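Engineer: Numbered per mature numbering (1 follows the signal peptide of the UniProt record, and there is no 0), the sequence shown spans residues -27 to -1, 1 to 358.
No lab work stands behind these hints: they were computed from the structure.
Among the hints, erroneous ones may be present.
[What the hints assert, rightly or not] Computed spacing ranges between beta-carbons, pair by pair:
no. : residue 1 : residue 2 : range
1   : Gly199    : Arg15     : 32 to 40 Å
2   : Pro96     : Glu184    : 15 to 23 Å
3   : Pro39     : Arg4      : 39 to 47 Å
4   : Asp198    : Pro346    : 28 to 36 Å
5   : Arg339    : Arg27     : 25 to 33 Å
6   : Pro189    : Glu350    : 37 to 45 Å
7   : Arg357    : Gly97     : 28 to 36 Å
8   : Leu242    : Glu350    : 42 to 50 Å
9   : Asp198    : Glu241    : 28 to 36 Å
10  : Pro297    : Gly269    : 39 to 47 Å
Being a predicted model, the structure only gives us computed values, none of them experimental.
Quick reminder that beta carbons are idealized off the backbone N, C-alpha and C, glycines included.
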Amino acid sequence: MIGRRSLLVAAGAGAAALTLPARSASAVPVRSIDLPRPTVDRPVGTIVLHLVDRARQDPFAPTPGPRELMVQLWYPALDRGESARAPYTTPRVAAAFETMLQLDPGTLAAVRPTARAGAPAAPGALPLLLLGHGRKGGRSNCTALAEELAAHGYLVASVDHTYDAAAVEFPDGRLVRSVLADDPADWGATEHQEIAARVGDLRFVATALTERRELPRRSGLPYADGGRIGVLGHSMGGAAAAEAVRQDDRFVAGLDLDGGLFGSPVPELGLDRPFLLLTSSADHDTWQRWRDHQRGWARQLRFLGAGHLSFTDLPHAAVPGGLPQHLPAEAYAALFGTLAPDRTTELTRGYARAHFDRFLRHRPARLLDSPSPRFPEVEFRWSRG
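With these hints in hand, go ahead and build the complete structure from the sequences.
Structural biologist: Pasting the structure below:
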């Protein structure tokens, strides 16, 4: 996810679209927006952790200091209603996103996840999935996907990549905003540095959760199985997932949600471990180069009618938040596609879970073998292995 100006440029909406008037602050209050519930009736808990990597200096911080991260966990829980439903994000982060994307004020505060805040975790070590957001996105952007995976027995850790995310709020009240360029023409200058920082974040969080040395001393925290780790992400988060799989043998399998493979040698070197690419109707040259060099199991599946943001929660909030009235139709279609939000969430959840079930839990996953009549919108672009 990136800023609205950048989205319009990336969508090819034309220069005239960039001069749209600012939104009025007197929008009608947004009604509750319920995210799709997980497909199994199993309670999900969530907690937010503040982790500090004292072995790394933050490359983007204005003053030198260790890399600080906010990480949200989703996991199968014991709670069936005693804990309150968790908010989608904090009020200040929500306001920052609403301003950036020009959603009606209160839109993200109206989004209602399923997970219960602070619910005690179910016992046992869980396969761990590390989740990364898109450029200028945030850890909550794929909550519906995270809750689904948690309900099916995974520990999902979504990382706010500080100074990349639109806004990150720390426990002491600091609100740290993105320092990345808005203009897509300037992205290439920093993409290698961005990917390096993101991969460092993912590797640090994997170590923190499996070795538990950085975790707060409290009961009820979920346990991660260090022998079963996967990594996934949307957009730039997907590119980071690929590079993380290339660098770290602990990561058994990876998944990219419509992310061009920027900022790393993955397109030229390929990967030797399973990697799934789920894409919108658009195409990207880095995907073709990666296909030609991929050594391990791989698929590219195209969701016909999907837009770049269809893989996130944002389509569920776009209409209630007034975006169709304030974006050119061409730009809106490029970002959100023509598929209904519930359908793209269903597709993303189904194929993501099948992928990690196969490679982290060694379960049959025929959905990945050939096109399914249940999902005629999914086109198998190419397969290996």
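Engineer: Now tell me if each hint is right for this structure.
Structural biologist: Structure-based check of each hint:
no. : hint                          : verdict
1   : Gly199 <-> Arg15: 32 to 40 Å  : 23 Å, violated
2   : Pro96 <-> Glu184: 15 to 23 Å  : 19 Å, holds
3   : Pro39 <-> Arg4: 39 to 47 Å    : 42 Å, holds
4   : Asp198 <-> Pro346: 28 to 36 Å : 35 Å, holds
5   : Arg339 <-> Arg27: 25 to 33 Å  : 46 Å, violated
6   : Pro189 <-> Glu350: 37 to 45 Å : 43 Å, holds
7   : Arg357 <-> Gly97: 28 to 36 Å  : 34 Å, holds
8   : Leu242 <-> Glu350: 42 to 50 Å : 32 Å, violated
9   : Asp198 <-> Glu241: 28 to 36 Å : 32 Å, holds
10  : Pro297 <-> Gly269: 39 to 47 Å : 41 Å, holds
Hints 1, 5, 8, counting from the list given before, are not met by this structure.
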